[in-house]
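Trainee: Just so you know, the protein sequences line up as chains A and B, in that order. Okay, so the first sequence: first residue is 607 according to our numbering, each after it adds one. Okay, so the second sequence: first residue is 607 according to our numbering, each after it adds one.
Hint data in this document are derived by calculation from the structure and do not stem from the laboratory. Any given hint might turn out to be false.
As the list makes no split between identical chains, a pair holds if one copy fits it or if it spans any two.
Within a straight-line C-alpha distance of at most 30 Å, the following computed DSS-like cross-link-like pairs (lysine-lysine) qualify [said to hold, decoys possible]:
no., residue 1, residue 2
1, 683, 715
2, 619, 877
3, 676, 650
4, 618, 770
5, 746, 676
6, 686, 715
7, 676, 633
8, 877, 633
Letter by letter, the chains look like this.
2 protein chains.
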Amino acid sequence: MTTEELVQQIHKKQSFLCIGLDTDLEKIPNHLLEEEDPIFAFNKAIIDATHHLCVAYKPNIAFYEAYGIKGWQALEKTIKYLNVNHPEIFTIADAKRGDIGNTSTRYAKAFFEDLEFDSITIAPYMGKDSVEPFLAFENKHTILLALTSNQGAYDYQTKMIDGKELYKTVLETSQSYENAKNLMYVVGATKASFLTEIRELIPNSFLLVPGVGAQGGSLEEVCKYGMNNQVGLLINSSRGIIYASNNQDFAEAAAESAKYIQVKMAGELGKLK
Amino acid sequence: MTTEELVQQIHKKQSFLCIGLDTDLEKIPNHLLEEEDPIFAFNKAIIDATHHLCVAYKPNIAFYEAYGIKGWQALEKTIKYLNVNHPEIFTIADAKRGDIGNTSTRYAKAFFEDLEFDSITIAPYMGKDSVEPFLAFENKHTILLALTSNQGAYDYQTKMIDGKELYKTVLETSQSYENAKNLMYVVGATKASFLTEIRELIPNSFLLVPGVGAQGGSLEEVCKYGMNNQVGLLINSSRGIIYASNNQDFAEAAAESAKYIQVKMAGELGKLK
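Isolated chain A (complex conformation) (with noise of 0.2 Å):
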């Protein structure tokens, strides 16, 4: 998907949601552990209520890797029922992946092309060579870990170098990689007003902003600093839509949560005109 279809959708939408896919055994509704698979049943149940709230979907891999071939059957059915149902959802593996180059070209192309997610979550610890071959990939979306919203962003992520946190660090030096126009970031919005700094160094980017919600951020707080004139944000909320019930109703409880945050996007919207 192009970034321009993204910014078509989240004006047809009146949404830059994205929903998180934190699909956990322990936390689903009973009544679907007696599904064949139960993690895709939740998923496709869930997706099925909000696709139209919402412009992205984010499955968390470790989810799914936590249950071995059963949880990689399950991912590889909830992105090709995305894929067939819903093209135009923007869909992002949150892998945090990074390697060195030719290992880096193996999990772009098992992401990329075999599953056919639409952009995938990158570390930028390894630097240029392990970032650029998930940047080759045309129409394909790079989303570099920048500014994480846990504690432990504060052991590395904001530490001076040269006078200038290393986050951002890894903003401008990123910007020079070949293709960098298929990256975007993850910037967690418990620092909001962090964002006019990082608006100043990159006003056009895509920002995948986790942590409204239970990580505790604010949206309008996010949108006063984070939006630029294409729009430029994705906010993603997880836990807060996904186990919004675990009774029969998770699905339309889901539903409830993902348009309670979409109305408000639809106002965030209106202030762009």
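Keeping the supplied structure of chain A fixed, place chain B upon it in accordance with the hints.
Mentor: Same frame as chain A, but now just chain B:
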């Protein structure tokens, strides 16, 4: 496996060689492609031929993930084969994972409990709460990326923070993490001269050194600067061993290449006394 058991194995086998199982269908001998599971058939033959010459195997997970479910099945068979037939071998999941706390716990369970690897490689960028979930597993080892052997290492890892390179900040900071005794570190052998300073910061930790061979490091240099009195080194070779030949004799050729390194390692261990 405890660190003490690993050190015992090193002395018993007179080797601190780790063999990287970066198994690639495009590089393995053609006759294996007729097997039901060519990846496992290749790994089994390599293990059968080399297990007495090395103390560790390190499958890079990207190579398996690239083949989807078939790849995961081959990985599961490989680790099970090692754990059943060669329980004295130290196993490393070269996964370079790292995520927020509860997600890291899922990766830890997948690799430590379900697949029963002895250790996993982890990227440090997200800090303490992304690493500690791995450290919580007793007699399991978390191998943190510090200084990698690729060109991109110079993008961030060697940048100065308060007069000290980022990778040294990673070494120091991580030593204060809970259960830091379960930490080992990846240190690229192409920078053997850096090992003196690294040993000042972490005199006792085991180092996993990739890049001897294909990536250009020197065994003698690494031992001179990196060895401690508990050996403290695992030196990895992947392509130089497993692809020593791609004919019918590939396993024997792998054993010859491994033997060549093992003999050199025995010489280096002799210098310890």
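Trainee: Confirm or reject each hint.
Mentor: Hints, one by one, checked against the model:
Proximity of residue 683 and residue 715 under a CA criterion of 30 Å is satisfied in both settings, with 18 Å inside one chain copy and 23 Å between copies. Proximity of residue 619 to residue 877 under the C-alpha cut-off of 30 Å is restricted to the intra-copy arrangement: shortest distance 16 Å within a copy versus 69 Å between copies. For a Cα distance limit of 30 Å, the shortest separation of residue 676 from residue 650 qualifies both inside one copy, at 16 Å, and across copies, at 24 Å. When the C-alpha separation of residue 618 and residue 770 is checked against a cutoff of 30 Å, the pair qualifies neither within a copy, at 38 Å, nor between copies, at 50 Å.
Both within a single protomer and between protomers do residue 746 and residue 676 lie at most 30 Å apart by alpha-carbon distance, with minima of 27 Å and 25 Å respectively. For a Cα distance limit of 30 Å, the shortest separation of residue 686 from residue 715 qualifies both inside one copy, at 16 Å, and across copies, at 27 Å. In the homo-oligomer, the alpha carbons of residue 676 and residue 633 lie at most 30 Å apart both inside one protomer (17 Å) and across protomers (28 Å), since each shortest distance falls under that limit. Taking the shortest alpha-carbon separations for residue 877 and residue 633, neither the intra-copy value of 37 Å nor the inter-copy value of 56 Å comes in at or below 30 Å.
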